[in-house]
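J.: If you want the building blocks of each chain, they are given just below.
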Amino acid sequence: MQTVSLDNVIVSDKPEGLEGAGFFATSLEKVVGLARKNSIWPLPFATSCCGIEFMATMGAHYDLARFGSERLSFSPRQADLLMVMGTIAKKMGPVLRQVYEQMAEPRWVLSVGACACSGGIFDTYSVLQGIDRIIPVDVYVPGCPPRPEQIIEGIMNIQRLVESESLRRRNSPAYKAMLNNYGIE
Amino acid sequence: MESNKAELIEKIIDALKEKYEDQVLGIDSPYEFLTVSLKQEKIVEIIRYLYDHPDTRFRFLTTLCGIHYPDQNAIAVMYQLHNMVTNQRIRLKIFLPEDNPVTPTITPIFSGANWMERETYDFYGVVFQGHPNLKRILNVEEMIMFPMRKEFPLEDQVREDKSDKMFGR
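Note that the protein sequences, when read in sequence, are chains A and B. Our numbering puts the first sequence at residues 147 to 331. Our numbering puts the second sequence at residues 155 to 323.
Read the hints as simulated data drawn from the structure, not as lab findings. Watch out, some of these pointers could steer you wrong.
Unchecked claim - Listed next, the in silico EDC-like pairs over lysine to aspartate or glutamate satisfying Cα-Cα at most 20 Å (straight line):
1. B/193 - B/161
2. A/237 - B/296
3. A/236 - B/176
4. A/236 - B/199
5. A/237 - B/172
6. B/196 - B/161
7. A/236 - B/206
8. B/304 - A/295
9. A/236 - B/295
10. B/171 - B/206
11. A/237 - B/199
12. A/236 - B/309
13. A/237 - B/168
14. A/237 - B/273
What the hints assert, rightly or not - From the structure, some residues in chain A lie toward chain B, with a derived Cβ separation under 7 Å:
15. 237
16. 269
17. 275
Only a predicted model underlies this, so the values are computations on that prediction, with no experimental measurement involved. Cβ coordinates follow ideal geometry from the N, Cα and C atoms, glycine included.
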């Protein structure tokens with residue numbers, strides 16, 4: 147059995163800053179970004195087969211916990227990331243929208259799979275042709291269904307957005323205008 | 155066994171013709187499934203009669219649905235009944251005009267017809283008179299079309315990213 151030593155513990159890279167004997171100075175934005183990035187709580191909104199791939203992503207083999215996202219939040223109020231996985235029927239649209247509206251800022255949306263991104267093969271009267279018709283989406287993961295590696299790639303892209311996002315972005319008029327575009331608030 | 159079954163079917167047809175000969179439009183047996191086309195007026199009465207008659211006793215409603223025949227300008231309603239004792243099935247079909255598909259409900263006989271009739275209304279626009287709660291069951295309530303009718307295209311019409319050239323619309 148391997149003994150655990152400090153050498154095995156992987157620590158996030160520290161952000162840019164001034165360093166000296168006994169002190170390290172950087173901007174608050176970078177620290178907050180670092181903390182948020184490595185503790186994203188996802189809300190899985192799984193409606194079909196992409197949800198099964200998500201289960202594999204959460205399982206021991208792919209293990210999303212390595213990215214600080216092992217804690218799923220089944221309440222939208224504590225979630226940071228809405229993961230939409232699967233076909234969204236038009237009847238489900240208002241439900242998804244309500245879940246999004248219940249999430250506290252800052253919130254991100256990951257659209258997993260062809261159906262969530264564009265309606266996929268279901269070009270039919272009953273299926274929403276992409277969730278970006280009702281809520282804003284940050285990262286799209288294509289595939290039918292995408293493999294867990296692709297979902298992880300999507301999460302890592304979300305992490306890049308989270309890390310680099312300005313603390314003032316959610317208060318900006320541009321952001322408010324974007325939400326108004328979707329009829330939110 | 156085979157002759158037994160033929161006898162059974164004969165009895166059913168006799169029972170039906172005994173009282174409702176004038177209502178029968180045609181009797182057929184596609185894929186060995188006894189199918190009777192009927193006039194629309196007395197359908198509830200006939201289903202009740204087949205329920206009670208000792209030779210038929212069709213006391214289980216397997217399913218009920220609509221069918222659109224655009225070339226005949228008709229919307230059919232199909233009832234599948236089952237006699238659990240003899241394991242005999244029957245299919246009844248009535249034809250309604252496309253522009254005004256109205257027929258009485260059979261919920262007083264089979265409570266299970268409630269959701270089936272709602273579904274038929276939802277997808278074909280068939281109005282079942284006397285139904286306790288005739289509203290859409292599967293589609294969004296704001297929908298203004300009856301999507302299984304042939305005049306409505308299957309594809310979502312709000313899509314911009316699929317051009318006619320690429321997808322043969």
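J.: If a hint holds in the structure, say so; if it does not, say that too.
T.: Hint check:
no. : hint          : verdict
1   : B/193 - B/161 : violated, 25 Å
2   : A/237 - B/296 : holds, 10 Å
3   : A/236 - B/176 : violated, 46 Å
4   : A/236 - B/199 : violated, 39 Å
5   : A/237 - B/172 : violated, 49 Å
6   : B/196 - B/161 : violated, 26 Å
7   : A/236 - B/206 : violated, 43 Å
8   : B/304 - A/295 : violated, 43 Å
9   : A/236 - B/295 : holds, 10 Å
10  : B/171 - B/206 : holds, 15 Å
11  : A/237 - B/199 : violated, 37 Å
12  : A/236 - B/309 : holds, 13 Å
13  : A/237 - B/168 : violated, 48 Å
14  : A/237 - B/273 : holds, 15 Å
15  : 237           : holds, 5 Å
16  : 269           : holds, 5 Å
17  : 275           : holds, 5 Å
Checked against the numbered hints listed earlier, the structure breaks hints 1, 3, 4, 5, 6, 7, 8, 11 and 13; every other hint is satisfied.
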